[in-house]
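J.: Here the structure of chain A is known, so what remains is to put chain B in place on it, guided by the hints.
These protein sequence lines are chains A and B, in that order.
Mind the numbering: the first sequence is residues 1 to 142 in full-length UniProt numbering, read in order.
Mind the numbering: the second sequence is residues 1 to 951 in full-length UniProt numbering, read in order.
Bear in mind the hints are in silico, worked out from the structure with no lab data behind them.
Note that beta-carbon positions come from the ideal geometry of N, C-alpha and C, so glycine has one too.
Honestly, I wouldn't trust all of these hints.
Label pairs and their in silico Cβ distance ranges [what the hints assert, rightly or not]: (1) Asn123/B - Lys7/A: 24 to 34 Å; (2) Ser935/B - Glu32/A: 51 to 61 Å; (3) Thr855/B - Lys7/A: 22 to 32 Å; (4) Glu32/A - Pro95/B: 52 to 62 Å; (5) Trp904/B - Glu6/A: 46 to 56 Å; (6) Gly142/B - Arg96/A: 23 to 33 Å; (7) Met398/B - Cys110/A: 44 to 54 Å; (8) Val122/A - Gly202/B: 25 to 35 Å.
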Amino acid sequence: MSSKSEKIGEIIAEHHGREGPLLPILHDVQEEFGCVDAESEGLIAKGLNLSRADVHGVVSFYHDFTAEPEQRPVVQICRAEACKARGVEAIMEQARAAAGDRVKLHTVYCLGLCSVGPNARVGDTLHARLDGPALAKVIENA
Amino acid sequence: MGFERQKDFGTPESKSEDAVTLTIDGRKVTVPAGTSVMRAAAEIGGDIPKLCATDNMKSFGSCRLCLVEIDGARGTPASCTTPVGEGMVVHTQTPRLEKLRKGVMELYISDHPLDCLTCSANNDCELQDQAAAVGLRDVRYGYAGDNHLDQPTDHSNPYFDFDPSKCIVCSRCVRACDEVQGTFALTIDGRGFASKVSAGQGEDDFLSSECVSCGACVQACPTATLQEKSVKAIGKPERAVVTTCAYCGVGCTFRAEMRGEQLVRMIPYKDGKANRGHSCVKGRFAYGYANHKDRITSPMIRDSIDQPWREVSWDEAISYTANRVRTLRDKHGANALGGITSSRCTNEETFLVQKLVRAVFGSNNTDTCARVCHSPTGYGLKTTFGTSAGTQDFDSVMETDVMLVIGANPTDAHPVFASRMKRRLRQGAKLIVIDPRRIDLVRSPHIEAAHHLPLQPGTNVAVLTSLAHVIVTEGLADEDFIRARCDWDEYEDWARFVSDEKHSPEFLEPVTRVPAEELRAAARLYATGGNAAIYYGLGVTEHSQGSSTVMAIANLAMCTGNIGRPGVGVNPLRGQNNVQGACDMGSFPHELPGYRHIHDVETRNLFEKDWGVSLDPEPGLRIPNMLDAAVDGTFKAIYIQGEDILQSDPNTQHVAAGLEAMECVIVHDLFLNETANYAHVFLPGSTFLEKDGTFTNAERRIQPVRKVMEPANGYGDWEITQLLANALGARWNYEHPSQIIDEIARLTPSFAGLSWDDLLIRGSVQWPINEKFPDGSPVMHIDGFVRGKGKFVITEYVPTDEKTGPRFPLLLTTGRILTQYNVGAQTRRTGNVAWHAEDVLEMHPVDAENRGLKTDDWARLASRKGETTLKVLVTDRVAPGVVYTTFHHPETQANVVTTDYSDWATNCPEYKVTAVQVVPSNGPSEWQEEYTELSERSRRIADSTAMEPAE
Numbered sequence: 001m002s003s004k005s006e007k008i009g010e011i012i013a014e015h016h017g018r019e020g021p022l023l024p025i026l027h028d029v030q031e032e033f034g035c036v037d038a039e040s041e042g043l044i045a046k047g048l049n050l051s052r053a054d055v056h057g058v059v060s061f062y063h064d065f066t067a068e069p070e071q072r073p074v075v076q077i078c079r080a081e082a083c084k085a086r087g088v089e090a091i092m093e094q095a096r097a098a099a100g101d102r103v104k105l106h107t108v109y110c111l112g113l114c115s116v117g118p119n120a121r122v123g124d125t126l127h128a129r130l131d132g133p134a135l136a137k138v139i140e141n142a
Numbered sequence: 001m002g003f004e005r006q007k008d009f010g011t012p013e014s015k016s017e018d019a020v021t022l023t024i025d026g027r028k029v030t031v032p033a034g035t036s037v038m039r040a041a042a043e044i045g046g047d048i049p050k051l052c053a054t055d056n057m058k059s060f061g062s063c064r065l066c067l068v069e070i071d072g073a074r075g076t077p078a079s080c081t082t083p084v085g086e087g088m089v090v091h092t093q094t095p096r097l098e099k100l101r102k103g104v105m106e107l108y109i110s111d112h113p114l115d116c117l118t119c120s121a122n123n124d125c126e127l128q129d130q131a132a133a134v135g136l137r138d139v140r141y142g143y144a145g146d147n148h149l150d151q152p153t154d155h156s157n158p159y160f161d162f163d164p165s166k167c168i169v170c171s172r173c174v175r176a177c178d179e180v181q182g183t184f185a186l187t188i189d190g191r192g193f194a195s196k197v198s199a200g201q202g203e204d205d206f207l208s209s210e211c212v213s214c215g216a217c218v219q220a221c222p223t224a225t226l227q228e229k230s231v232k233a234i235g236k237p238e239r240a241v242v243t244t245c246a247y248c249g250v251g252c253t254f255r256a257e258m259r260g261e262q263l264v265r266m267i268p269y270k271d272g273k274a275n276r277g278h279s280c281v282k283g284r285f286a287y288g289y290a291n292h293k294d295r296i297t298s299p300m301i302r303d304s305i306d307q308p309w310r311e312v313s314w315d316e317a318i319s320y321t322a323n324r325v326r327t328l329r330d331k332h333g334a335n336a337l338g339g340i341t342s343s344r345c346t347n348e349e350t351f352l353v354q355k356l357v358r359a360v361f362g363s364n365n366t367d368t369c370a371r372v373c374h375s376p377t378g379y380g381l382k383t384t385f386g387t388s389a390g391t392q393d394f395d396s397v398m399e400t401d402v403m404l405v406i407g408a409n410p411t412d413a414h415p416v417f418a419s420r421m422k423r424r425l426r427q428g429a430k431l432i433v434i435d436p437r438r439i440d441l442v443r444s445p446h447i448e449a450a451h452h453l454p455l456q457p458g459t460n461v462a463v464l465t466s467l468a469h470v471i472v473t474e475g476l477a478d479e480d481f482i483r484a485r486c487d488w489d490e491y492e493d494w495a496r497f498v499s500d501e502k503h504s505p506e507f508l509e510p511v512t513r514v515p516a517e518e519l520r521a522a523a524r525l526y527a528t529g530g531n532a533a534i535y536y537g538l539g540v541t542e543h544s545q546g547s548s549t550v551m552a553i554a555n556l557a558m559c560t561g562n563i564g565r566p567g568v569g570v571n572p573l574r575g576q577n578n579v580q581g582a583c584d585m586g587s588f589p590h591e592l593p594g595y596r597h598i599h600d601v602e603t604r605n606l607f608e609k610d611w612g613v614s615l616d617p618e619p620g621l622r623i624p625n626m627l628d629a630a631v632d633g634t635f636k637a638i639y640i641q642g643e644d645i646l647q648s649d650p651n652t653q654h655v656a657a658g659l660e661a662m663e664c665v666i667v668h669d670l671f672l673n674e675t676a677n678y679a680h681v682f683l684p685g686s687t688f689l690e691k692d693g694t695f696t697n698a699e700r701r702i703q704p705v706r707k708v709m710e711p712a713n714g715y716g717d718w719e720i721t722q723l724l725a726n727a728l729g730a731r732w733n734y735e736h737p738s739q740i741i742d743e744i745a746r747l748t749p750s751f752a753g754l755s756w757d758d759l760l761i762r763g764s765v766q767w768p769i770n771e772k773f774p775d776g777s778p779v780m781h782i783d784g785f786v787r788g789k790g791k792f793v794i795t796e797y798v799p800t801d802e803k804t805g806p807r808f809p810l811l812l813t814t815g816r817i818l819t820q821y822n823v824g825a826q827t828r829r830t831g832n833v834a835w836h837a838e839d840v841l842e843m844h845p846v847d848a849e850n851r852g853l854k855t856d857d858w859a860r861l862a863s864r865k866g867e868t869t870l871k872v873l874v875t876d877r878v879a880p881g882v883v884y885t886t887f888h889h890p891e892t893q894a895n896v897v898t899t900d901y902s903d904w905a906t907n908c909p910e911y912k913v914t915a916v917q918v919v920p921s922n923g924p925s926e927w928q929e930e931y932t933e934l935s936e937r938s939r940r941i942a943d944s945t946a947m948e949p950a951e
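Bound-form chain A, shown alone (with noise of 0.2 Å):
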């Protein structure tokens, strides 16, 4: 059996008995190995009892789950209505050239901090009030 599954199936047995098992086990794969591939899900359906189509629908929908690792630093902008009305647009275009290659641009919609923003995410990191030089440090140091 390899580390992967073993790995899998522990983090199946901590969150087994709860009601919807199913996201907190995805969350902690992602965590895990940086992605939820086919085979995880394959694992994770034989685990839960469903079908392999069941964990991939989720998995799918999901932003927050991808099929293949990123291997750069990941920010998460926010774009949506209050932001917006806070002025991320007008900052996007200094965000983009902070990031070049190396960082990847994730847009969401609604971190939550709608009163402070625009605002950011970097890992369980949360950014608020920013403009265009603190959301270019928040990215050069992600």
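T.: Same frame as chain A, but now just chain B:
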């Protein structure tokens, strides 16, 4: 019936007994509470536009086309998801709705190819119909925007294509797979504009996904996205005829959709009471054998089996056969002649074959393939309950709380019923599986057995008796039921017997290998979990103690009061389309139609008077006895209709020896089957599409089979039997099978109320149908057992004589697979070979490793009787010490290794237990090579032009 789709009410029927009255478009309608507004409108002939709704699955509310206005309600609710309310006033066609619907339809069509005229679904497309219904005239958005029109078509499934460019993502296919079939093979991949239907995971196509090709998604698709390849190839059907599937004992009703005499497709019929609108890959798609190039359509004869076949006219074939039979009868007496009826043929044909044997040949040497499958069911249930049949209808399972499945693999062998079982399990019913193999029902997406008892093959009786031990000793027996309905003294004897410590699960654990605690828990669940129903298959009957096992099952049902109402009962899952019917029609050597013993003077007189002959009062020979007698030289001629005993019966070498010893073997079949290698006369048969008649399914349901095309061989099978009978001096003059039904009804009390015309009106009926049960009998033994008091029979466990030892350390058990059917004569000649091209040997990893075998390695499978070779599949589905294979392919001939051991009461062979050894091998066994050579030689047909003298 011309070609029109069956009416679609949009949402499922509500079962509520409360009625609700509302007004729709000014018309009053009263419907059961819980009905959707959409369905209520359809009930009064309305037709609210819809795309994502269809009446065999729950409403979904995604297409936004079925919006309605309701007085006093805000907005425009979707009529599919809105239940009716008392006094509701609904408007389904208003200017506001018209505008909304048009807008929605414009969006759909802006991303849909405009190739209607060349589309294979042209004029059979709901999207097209709805565009017309909403009065779409133009699409304001144009067609230049982003779209999905370039997506490639998935051709991987042999029977249908998936063209995502035409998909409107209504999810009907996904929901059909989930709700109707219960496989969950489809999903919606992605989100928003990128949403698309996906089989399995990203890289899968339909064939590599979990899809079982049942066709539910194709039927559900409102566009040409999922469509039968046959429709693409042939075109739209012009008419539809409702008929009955000729595969398994579920007996699905289909609409054979025709174009002239060409079958375009088979669509499951929503009003079919056995299948309720569902199908499996066999009935739905695997009908291509009917006009396969291997089908023989001219009669053929030969003087000896080493000669090539000679094609002759029907006249010559029949007179040749009659002469040969007559000569043998004159020389050796009537008892040298016999016949085998077919469970694949209609009731009427089966009736005629046994009539031919009894009234024309003059012997009772008639038998049928039920000998090798469910004869113990007949014996066991007749002894305990008084009738040789299952007690319930299939609908009953929807009221079951605990299912006990023993020796059956419904998802493979009875897939349409398995889908019903799975649906009920998803609703919360509990499941106990008793099977040496981890069958799919034990654990597959969204269902899981509460208990799986993986017993050692051959220990069914021990397991069932220990279940009874737990029920009786823990005080879980339903004594009120037993006192009222069963013989109390017999119960007390039986209770004493099962209570003995030597029948406890702990004592028997070393024999059965079932953990005692698990068995106790299963027994408690069965006895106390509510309505409990037992479903069983050939894993029960095909044992040396098959009849005992059936009676042990009946004991369990009686002692817990699980008989005589919906949701409970004892239900044999019959293997073939008409094996119940073949048994009902007097195919057995000791029984006249309706299970009446040939010894019974009154019954015999009835038949003698009607047929104008005198009948032999002594039972005739069973199949194995006919073969034995042939080897001994006393049995000379056999008429075999629609059965391949060489491949299907145990110990192939012995069957071959028996056939070889006969002087006239008449095979009446679609194909030159394996048995025909030993035949002197080949009478080409007709398919179920080429004749009228009836089949009786596992729930005793008699259903009409309809002729949709002329027989390619010239005659229906019943006509051929009649020709032979008349050539032997009988004066039969049946012009239509309905006259045979009249004769059956006249002579058999349990069918007294049956007639062809009535059957066509009713659609189907469950026997008994007579004065007492004028509408048939969905559930039997309601007010009392047919035999009077239910009989408890003591079932002592006797181990089989077939034992493992140092030379043969493994136990072989055999079974079937979803895509192939029995000996495979039909399914091997269809696209189903894409899933199962050969028989493989399932083996536990430990046993495989001990022998140095890996998946796909060749292995030699040997028993005390014979050997064959096949490829290995290493899997933990089977327990260590047990190997498993199927018997669909003549190249493998799994029955070369099975033994002569058989059920003590009925001679049903012990297919399910053979001691074997498995060793690595590098090719076919000697038997396989010799047999292939023989089989090629004996199938030669003389080229009539080559017979002309050279100029």
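J.: Hint by hint, which ones does the structure fall short of?
T.: 1
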